[in-house]
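Hey, can you work out the whole structure from these sequences and the hints?
Protein chains: 2
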Amino acid sequence: MLVVAGSASPKLSARVAKQFKCQLVRPTLWRFPDGELYTRIPTELNGEHALVVQSTCYPQNDNLVELCFLLGAAKDLGAERVTAIVPYLAYARQDKQFKPGEAISIRTVCKLIEHAGADDFITVDVHQEEVTRNFSIPAYNLTAMPLLGRYLNGLKLKNPVVIGADRGASERAKQIALEMGVEYDHLEKQRVTPEKVVTQPKRLSVANRDVVIVDDIISTGGTIIEAAKILRRQHARGIYPACTHPVLAGKALQRIRAAGIKQVIATDTIEHRVSAVSVAPLIANVIH
Amino acid sequence: MLVVAGSASPKLSARVAKQFKCQLVRPTLWRFPDGELYTRIPTELNGEHALVVQSTCYPQNDNLVELCFLLGAAKDLGAERVTAIVPYLAYARQDKQFKPGEAISIRTVCKLIEHAGADDFITVDVHQEEVTRNFSIPAYNLTAMPLLGRYLNGLKLKNPVVIGADRGASERAKQIALEMGVEYDHLEKQRVTPEKVVTQPKRLSVANRDVVIVDDIISTGGTIIEAAKILRRQHARGIYPACTHPVLAGKALQRIRAAGIKQVIATDTIEHRVSAVSVAPLIANVIH
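Chains as they are written, first to last, in the numbering used here: chain L, 1464 to 1751; chain A, 1464 to 1751.
Everything labelled a hint here was simulated from the structure, so no lab data went into it. Hints are not guaranteed to be accurate.
[Claimed, not checked] Some, not all, of what chain L presents toward chain A, calculated at C-beta under 8 Å:
1. GLU1543
2. LYS1562
3. TYR1603
4. LEU1667
[Unchecked claim] Over the 10 Å line for every Cβ pair with chain A, so calculated as not near, a few chain L residues:
5. LEU1465
6. TRP1493
7. THR1502
8. ALA1602
9. THR1606
10. LEU1618
11. ASP1629
By construction, the Cβ of each residue, glycine as well, lies at the ideal position given by its N, Cα and C atoms.
As structure tokens, this is what we get:
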């Protein structure tokens, strides 16, 4: 077994190789003057199990094409099994037609990865579990929530409660809370009088408690900033946004900090300075 | 039949639609804040033959992924037949392993296009004809050389001769020359004494003649500028570089002009201000 490190996942690749105590291969990657990517895996792969680790964070299309070239090269080099490890799967939120004529882009992305040369596929906290059904190869979705919970336990929060940023994040909040041994809930729009709708935790009070807000992705930061406002109005103490994928597009992190949030907790599915938790142990658990 | 216009080929798409007197569909394409592409084909495609026209010029990976999404969307929308028209095929020069471990990237690119949803495939003057064998769907390579020859005839050159930029361009030079009814040759390294090697036309004299230098691609311009130098030393009159694909990376066109070459003749496989010749009639000829 060896790990081929995609350029979007240099640290996670090294951590996965360390978990397996196997060789880490850094491919040669550069651009021709016209912009085409040059790709070379400078290692003997014959008969090996190659783990190609490449996130498809921004720039998504470049990272996706590089992933496909690495998968194809590994296969051409005679690897017996090629596992695509895509810790953050781009386009996963484009999984439905909201208007007629819309591309279900994630369906195409899955086809590209499969036909480029993957024998099996692993991702982490994909937006909807159903996405893995686009593959005809074995495809696994792992969850980083227990790892986030363990990390949060180390922060010594005061009477903490875990709140999903919306109903869709409720199950993720539950998984963190179970690991932390604390209560959980999610934010929901509720009609308090015939005229008035408010967003608030469905069941629990957050007053004087440290609150972990959970989502799979923090992208523009809009959802988290709005949630923090609501929770502060209800007298929450500290606000701790936790997510698997720190997309943090553009100035998202600055805006989150400007909203008085000191720390974002995230994993290395996207390698960012807020990536305090590694998903490498998850990956090591699932591959045999 | 209708034409779906990829964002890299807006003019060629319109010209192809005009050739077929069929509907031109401009898809809705924009970027989410995180950089993901949104793709929608706002037309009924059920039972139709959709021609998806998209060059994979720079930025190659973005244009390739957009092409795949358009092919997938056309198929999902119920098109009976989806033809991928990729007038310039990126990565075609990465068709061999020069060093062990190198990705044969064009092989992967062909797989991606095919499995994204193409039923057949058309390209123009691909670097090596053999590239089409990477497809298991019907795949055609057309040549724009006769169209370039016809355009060059309109320029009223003085006693013209057509010279391939190297041995590989010899057949292309022949096709232009046949259309123009003039002589052709190609540049070749020749040993004139045991110590001395010179590059020169293999058979013909270019003295006092207008010279058309032919290549499939003008990328950095290096080959053309070098060829022009050699031909001027041999007393060529005007120098007219002609190619199918005006890649013209970075400052290539400025450097070509600084070398005293006034005009580059190219086609709209890549839409550039030097694209004086359209390949739309070629495409119209081959699709039934």
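The hints, checked one at a time:
1. GLU1543: Interface hint status for GLU1543 of chain L: violated (17 Å vs cutoff 8 Å).
2. LYS1562: With a closest approach of 6 Å, the LYS1562 of chain L hint holds.
3. TYR1603: Violated, because the Cβ-Cβ distance from TYR1603 of chain L to chain A comes to roughly 21 Å (cut-off 8 Å).
4. LEU1667: Result: violated, 31 Å to nearest chain A Cβ.
5. LEU1465: With a cut-off of 10 Å, LEU1465 of chain L remains clear of chain A, as the shortest Cβ separation is near 13 Å.
6. TRP1493: holds (12 Å)
7. THR1502: Nearest chain A Cβ is 4 Å from THR1502 of chain L, so the label is violated.
8. ALA1602: Its Cβ never comes within 10 Å of chain A, the nearest being 16 Å, so this holds.
9. THR1606: For THR1606 of chain L, whose nearest Cβ neighbour in chain A is about 21 Å away, the distance exceeds 10 Å, so it holds.
10. LEU1618: holds (27 Å)
11. ASP1629: holds (18 Å)
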